[in-house]
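Based on the sequences and whatever the hints tell you, model everything.
These protein sequences, in sequence, are chains A and B.
With the numbering used here applied, the first sequence has no gaps in its numbers, which climb one by one up to 587 at the end.
With the numbering used here applied, the second sequence has no gaps in its numbers, which climb one by one up to 156 at the end.
One or more of the hints may lead you astray.
What the hints assert, rightly or not - Counterexamples of contact, computed for chain B against chain A with all Cβ distances above 12 angstroms: (1) 92; (2) 129; (3) 142.
Stated by the list, open to error - Using 30 angstroms as the maximum straight-line C-alpha spacing, the simulated DSSO-like pairs for lysine-lysine come out as follows: (4) B/117 - A/71; (5) A/575 - A/293; (6) A/392 - A/350; (7) A/256 - A/278; (8) A/453 - A/312; (9) A/105 - A/141; (10) A/293 - A/350; (11) B/117 - A/453; (12) A/412 - B/105.
Hint data in this document are derived by calculation from the structure and do not stem from the laboratory.
For glycine and all other residues, C-beta sits at the position ideal for the given N, C-alpha and C.
One-letter residues, chain by chain:
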Amino acid sequence: MWIYDLRTLAFLAVNNAAVQDYGYSREELLASTVGQLHLPADMPALLDAALMPPASLERKEEWRLVKRDGTVVYVEVVRSAVAFAGKSACLTIASDASERKKSEVLYRSLMDAIPSSVLLLDEDLRVVLANKNFLEKSRQTARQIIGKRLAEVFPEVIIAEMGLERQVRNVFRNNQATEGQRLTYRTPGVPIRIYYYSLVPVIWGVRVDHVLLLMDDVTEQMRMSEEIRQMERHLASVVESASDIVLSTDTKGNILTWNKAAQRTSGYSFEEVKGRSFFEYCDEAGVRKFFSPAASRENSGMSECNLKTKDGKRRSVSCVFSQMTNDAGQTAGFVIVGRDLTERRKFELQLQESQKLASLGVMARGIAHEIRTPLTIASSAAQFLTEKDLAPEFRRECAEKVHSGIRKASAIIENLLRFAHPTTNTTKMPVDLPSVVKGALSIVENQAKVQNIEVRRRLPPEPGRVLGVSGLLEQVFMNLFLNAMNAMPNGGTLDVSAERHGGDLLVRVTDTGEGISPEDLDRIFDPFYTKALPGKGTGLGLSICYSIVDQHQGSITVDSQRGKGSTFTVKLPLMSPAEEVKR
Amino acid sequence: MSRLNRVVLVVDDDPDICWVLERLVEGLNARCIRALDCQGALQAARLNRPALVLLDAKLPDMDGLELARQMRRADPGVPIMLISGYFYKDDPAVQSALDQKLICGFVEKPFSHAVILRAIEAALRSQEVAPGAVEPLPAR
Numbered sequence: 005m006w007i008y009d010l011r012t013l014a015f016l017a018v019n020n021a022a023v024q025d026y027g028y029s030r031e032e033l034l035a036s037t038v039g040q041l042h043l044p045a046d047m048p049a050l051l052d053a054a055l056m057p058p059a060s061l062e063r064k065e066e067w068r069l070v071k072r073d074g075t076v077v078y079v080e081v082v083r084s085a086v087a088f089a090g091k092s093a094c095l096t097i098a099s100d101a102s103e104r105k106k107s108e109v110l111y112r113s114l115m116d117a118i119p120s121s122v123l124l125l126d127e128d129l130r131v132v133l134a135n136k137n138f139l140e141k142s143r144q145t146a147r148q149i150i151g152k153r154l155a156e157v158f159p160e161v162i163i164a165e166m167g168l169e170r171q172v173r174n175v176f177r178n179n180q181a182t183e184g185q186r187l188t189y190r191t192p193g194v195p196i197r198i199y200y201y202s203l204v205p206v207i208w209g210v211r212v213d214h215v216l217l218l219m220d221d222v223t224e225q226m227r228m229s230e231e232i233r234q235m236e237r238h239l240a241s242v243v244e245s246a247s248d249i250v251l252s253t254d255t256k257g258n259i260l261t262w263n264k265a266a267q268r269t270s271g272y273s274f275e276e277v278k279g280r281s282f283f284e285y286c287d288e289a290g291v292r293k294f295f296s297p298a299a300s301r302e303n304s305g306m307s308e309c310n311l312k313t314k315d316g317k318r319r320s321v322s323c324v325f326s327q328m329t330n331d332a333g334q335t336a337g338f339v340i341v342g343r344d345l346t347e348r349r350k351f352e353l354q355l356q357e358s359q360k361l362a363s364l365g366v367m368a369r370g371i372a373h374e375i376r377t378p379l380t381i382a383s384s385a386a387q388f389l390t391e392k393d394l395a396p397e398f399r400r401e402c403a404e405k406v407h408s409g410i411r412k413a414s415a416i417i418e419n420l421l422r423f424a425h426p427t428t429n430t431t432k433m434p435v436d437l438p439s440v441v442k443g444a445l446s447i448v449e450n451q452a453k454v455q456n457i458e459v460r461r462r463l464p465p466e467p468g469r470v471l472g473v474s475g476l477l478e479q480v481f482m483n484l485f486l487n488a489m490n491a492m493p494n495g496g497t498l499d500v501s502a503e504r505h506g507g508d509l510l511v512r513v514t515d516t517g518e519g520i521s522p523e524d525l526d527r528i529f530d531p532f533y534t535k536a537l538p539g540k541g542t543g544l545g546l547s548i549c550y551s552i553v554d555q556h557q558g559s560i561t562v563d564s565q566r567g568k569g570s571t572f573t574v575k576l577p578l579m580s581p582a583e584e585v586k587r
Numbered sequence: 017m018s019r020l021n022r023v024v025l026v027v028d029d030d031p032d033i034c035w036v037l038e039r040l041v042e043g044l045n046a047r048c049i050r051a052l053d054c055q056g057a058l059q060a061a062r063l064n065r066p067a068l069v070l071l072d073a074k075l076p077d078m079d080g081l082e083l084a085r086q087m088r089r090a091d092p093g094v095p096i097m098l099i100s101g102y103f104y105k106d107d108p109a110v111q112s113a114l115d116q117k118l119i120c121g122f123v124e125k126p127f128s129h130a131v132i133l134r135a136i137e138a139a140l141r142s143q144e145v146a147p148g149a150v151e152p153l154p155a156r
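Given below as structure tokens:
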């Protein structure tokens, strides 16, 4: 407690408590002004207030004072104008309020740090406190809303629609917090915001003193979840409307999703396949390898497989397998995108058939020559037999020639029939590739002969089994042989060899023809690309070879030198010992 | 020239065809020489100066018509008859060879003995009358 001169602000009297509290001696204080106890920043306000004290000690003021050691303390002050020693003076009674102030600051900081909007309401539903978050979101200042009624803070429509006032009154009455409810805050000039709010009673003693209105702004979350929902709906409709099969499985191959195209192709609905193993519908080594844990973790792979359909048939499907990985980079499952190849296969088969017939046309002369030779012998021998007085020895010789000639002609026809027979069964079976090559060679050998082409063959004696369609593979080699022979109109050598190379069998077809120019090399497997004269080739042979070899997971390459000849190499995967055993 | 001295060269890579033609030629009192390829045929023609060559169109080492050309160069007067299953009667290649007088006739395999014998006889006769002047013969 102290008294200061209203004119000079000099201390006129100080009590012991003041001396103890602020660290100055009585003499020091009495030799200075009240400014000694204030922070320089507070001085302008101090001057105004200090010179105009209230008439009585009723009004409480809050001051910041500074001790001699520099410590700042908050004090609650009451002042009153008095006369002291004949001077106009002011009596000041200050009590330490630092602890209370500290709590207040902490409370305020906490309020402002809360990421929710907070309003504290009194029983009259007036705002006692609004935290920073609320003020920022509602674009109002504390001055604008403190002391205002709830109905003045929120737009009328919200108050009415939500029954907010009624709810707050209920909390005052029942002392029970409300669960989170949704509130859409619309007010002119402020973007719509969506809150989840709850009301919490603040109890003082035995009764509810205030109610806290806590509001969480969920506008962003709502927007994002709506966007996610939209995205999900969009993705789902993309997958559902795709004409390709799209399905997903877990890491073990159990089906998680199955789109309409999958349903259309297989006949099985999602409900029927859900949770079942994909292998129940497509159990092939080429498919299983993607799921095996030992498989190299490539991100995707392709395979052709036969999908089991509900009506017990199988449909040829070209599948791309991709791994789904989680955020940790681990495999979470697989996505399989497949295309029904039924129509394409049908078309390809037709094309292959027509090309086969075309190649027969190319060979017609050679075939005719070859058949007519044994027919001539048989015919002549038969004519000799009509002559009279034949020696028994000659008669027997003639009969043998008739027989052997017919047999030879018949064998040639059989070969042709075998080749011309439509390939209807395209189920892949174990096929001995060297035998297929030999079979194809036997058909074209006649043609080679009439073209003065020497055929050299170097085929391994042991079998080399591949999984394939024998008729189609025979067509590949037939085409390659005919192609080679076409390149040698003036004769030459057709060299056919086969050898194992790792897990593959390589078949090389080499001619000593004119070779292929570098610009043609790039297009040689394109459909209808031909350098042959009209009637000599369709330009489909090599593209069909390519397509057939591709269907057998093989490859076909060409190497050529102008004027020296060309080598076509067909590489096909041999069946693994495990596959051999399985078969 | 006595009829038995007449030599007919049969060029065909199939021994059974040679067997047939030999039997037919010998029935005409002519001597038959066989050659299974072009080299053998050229050599036989040089050594034996045949009155007629019966030639297959497709031989392992050369095309029949090409052999005919080479034989003509060596002996322009020798009549050559093409006997083949490779060509057909109105084949442009055959017509062209006839027009060029590269061959004196064409017989399609398989043949009737009557037809081929008539053709061979006619060819041999034309040789006796006017060597070098050959008429194209009917196919059958």
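Evaluation of the provided hints:
no., hint, in the structure
1, 92, "holds, 25 angstroms"
2, 129, "violated, 5 angstroms"
3, 142, "holds, 24 angstroms"
4, B/117 - A/71, "violated, 141 angstroms"
5, A/575 - A/293, "holds, 21 angstroms"
6, A/392 - A/350, "violated, 60 angstroms"
7, A/256 - A/278, "holds, 13 angstroms"
8, A/453 - A/312, "violated, 48 angstroms"
9, A/105 - A/141, "holds, 27 angstroms"
10, A/293 - A/350, "holds, 28 angstroms"
11, B/117 - A/453, "holds, 26 angstroms"
12, A/412 - B/105, "holds, 24 angstroms"
When the structure is compared with the earlier hints, violations turn up for hints 2, 4, 6, 8 and for no others.
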